[in-house]
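Turn these sequences into a full structure, and let the hints guide you.
So the protein lines, in turn, are chains A and B.
Per my numbering, residue 1 is the first one in the first sequence, and the count goes up by one each step.
Per my numbering, residue 1001 is the first one in the second sequence, and the count goes up by one each step.
Treat each hint with caution, since some may be false.
Non-contacting residues of chain A with respect to chain B, defined by C-beta distances greater than 12 Å in every case (computed) [what the hints assert, rightly or not]:
1) 33
2) 39
3) 124
4) 130
5) 225
6) 273
Pairs of lysine-lysine residues, derived as DSS-like cross-links and limited to a Cα-Cα distance of at most 30 Å, are as follows [stated by the list, open to error]:
7) B:1219 x B:1264
8) B:1031 x B:1043
9) A:246 x B:1264
10) A:107 x B:1043
11) B:1043 x B:1322
12) A:219 x A:264
13) B:1322 x A:322
14) B:1219 x B:1246
15) A:219 x B:1219
16) B:1246 x B:1264
17) B:1107 x A:43
18) A:43 x A:31
19) A:246 x A:219
20) A:322 x A:107
21) A:107 x B:1322
22) B:1246 x A:219
23) A:264 x A:246
24) B:1322 x B:1107
25) A:322 x B:1107
The set of hints was computed from the structure by calculation and includes no laboratory data.
None of these values were measured; they are calculated from a predicted model.
For each residue, glycine too, the CB sits at the ideal point set by N, CA and C.
Number of protein chains: 2
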Amino acid sequence: MPTPTLRSLALELGLSRTTLSDALRGSPRVKAETVARVLAAAKAAGYERNPLTGAVMSQLRRSRGQQFRGVLAAVEIVTADHTPLAARYNDSLMSGISDRAEALGFKVERFMIGKQDLTLPRLDTILHTRGIQGLILLPAVGFPDFTALNWERYTAVYADYYIDHPRLHCVCSDHYQSMVALLQELHARGYRRPGLFMEIALDERLQYRWEGAFLALQKYLPGITQVPALQFSTLERTEFEAWFRKYNPDVVMGHFPAVMEWMKGCGARIPQTHAFVCLNSLRTTRVDECASMDFQTPILGSRACELVIGQLLHNEFGVPTKPSLTTIPALFTDGPTLRARAPAEPRNKPAVTSGAKTR
Amino acid sequence: MPTPTLRSLALELGLSRTTLSDALRGSPRVKAETVARVLAAAKAAGYERNPLTGAVMSQLRRSRGQQFRGVLAAVEIVTADHTPLAARYNDSLMSGISDRAEALGFKVERFMIGKQDLTLPRLDTILHTRGIQGLILLPAVGFPDFTALNWERYTAVYADYYIDHPRLHCVCSDHYQSMVALLQELHARGYRRPGLFMEIALDERLQYRWEGAFLALQKYLPGITQVPALQFSTLERTEFEAWFRKYNPDVVMGHFPAVMEWMKGCGARIPQTHAFVCLNSLRTTRVDECASMDFQTPILGSRACELVIGQLLHNEFGVPTKPSLTTIPALFTDGPTLRARAPAEPRNKPAVTSGAKTR
DNA sequence: ATCCAAAACCCGGACCGTCCGAATTCATCC
DNA sequence: GGATGAATTCGGACGGTCCGGGTTTTGGAT
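So, in structure tokens, the structure goes:
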């Protein structure tokens, strides 16, 4: 006797194949008692659901027909100290999210908690009534708390390093890897005294991934002269100049392109004697202002989108048992504030360490 | 305009859906000239065959009920210096992979390059003839090269930090985050002189993520006395003892539980005066031998599996344009080699820095 | 030229499990 | 009693496959 099919089993039970299918997948459309009956009968008959077949069928059935498949929500907590940079970052993420969502047949709506009296509980009811189940949480200042939402209804991804309330899957740039790649590139160009300045609060949020990579590679790249990182809570000119004069780094890495003026004030000529790399291209004002690290936020957004949609298609809701972090390394973007890479032969001309002492 | 289907395309061409289906699969039942016409039209209309859907349909149609399962390949490069630890690691990954694959309707077959004359080109033909398209590459010593495979046929994930040939999505433990979490835990238990010993080659492979996190947190955790990390290419007792005596770390972190004996030889009592944490629980011989970091390899495996299957279902083949890294932090596992966490009040009893000087 | 069998080519039917909207049943409240 | 709405079940349509059966073409013998 061949293994039973949904239809044969349904006939035996006096139900329709649809009810069987729904029951076996635990759909709330079927009465609990019926579900139990179906499960018992299926077991007795040796019927086993094939999840792969199910997934394929589901995808097939769902994707065809009209374009419209669903709506995702991009949620953002807007506070008073929401900087223009954060806004730019989130807008950039959004463009990637929207594009990818559209390509996969989804629409995206953006919600801003804190604006127009929109609170989390209110958002919860809005999402519920609208039937929105896929969420992308945009980065928020500090350590945001989204526990007020009714999480068993949603599947979500946080578009930043780490979130604890609740613990969701995250998508973010790989700052450690980015710093490693940058230092290797600078090393290949002959720089031997890399210097880093960094806002403490910023790196703390990233668990010191910028500086961790900096410290480790300073130690292991050959021929490096170690320059201690400059830490600050607000960047002061005098402080920076003192650090710059004291250690004379041949390349300065940090978030604020404005320091290039200060470097020049100390007698540096860029890129002849000293160099600068901005650690976040969104902080630059012009494209060719300086070499920089491009976080590729649109790609991060699109990846976040894929994750959420993947979970939606697999009917996975709620807070994940094992949250994961998905990262993409930043892209090094060359610029006029750096020497070009030495051509062809690598070891012939050992790059000249800049000896420009000011004063 | 919705994506075309076999039927809509057939209508357009004045053929039947069956002919289209046969033609696209290269069946000899269809005239060569017709096949060419169909292929051209399909390309023009943007129709893409999903081989997985095809396989499911086929098995469904052919052997009614007989459970069909998709097949994934787990590929591993076995070299002479394949250590028992690497074997354990991969076996552990495999268990997670197999479980998750089964739950999603797939079977997994393991291939070992290097054994029984299995070369990459030969594997390529085997996979091709068997119609296997989803690959999970298990970690290999050094920097493996899989470019010999015909990549436009496959979709794959590498189960380690980073792969360059070709550049695939990766799934791996988050060593940086793991070290951060561990140091915070140790700090909370009152340890103030954490010491790290590390095989250079091992950390280099991870771009110094262990030591990067160690260096950064040494700097930023309050009240820490910095102990320089002990680097080695092969661990020597005399070297370790010299380091241990000189810096007297109150907790030692590293990969080899064997050093506990050496510590005792220097007069340390564990956990009364000194402590030890193994950075990889797979290196321990007994479960309760010592506190350790558990990489949760089965979970890593299951996540890798999900990624591959997701891409299969979405009909995505070839090398990804933007490879990403998915990480999961290791789980701290308490053990008898550590003091218990101070109960309730955090700051009342400042943890006593061990003063056990030997000799 | 004519015939006919065989080969080449193409098509319709039936099928799987799923999704969606509609139909049916059941409980509840004026 | 009738209307409203929720709970539950059902029917139709779907896409890609295999199989058996059509229809056209080929080619050799008369």
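Enumerated hints in conflict with the structure, sorted upward: Of the numbered hints given earlier, the structure breaks just one, which is hint 9.
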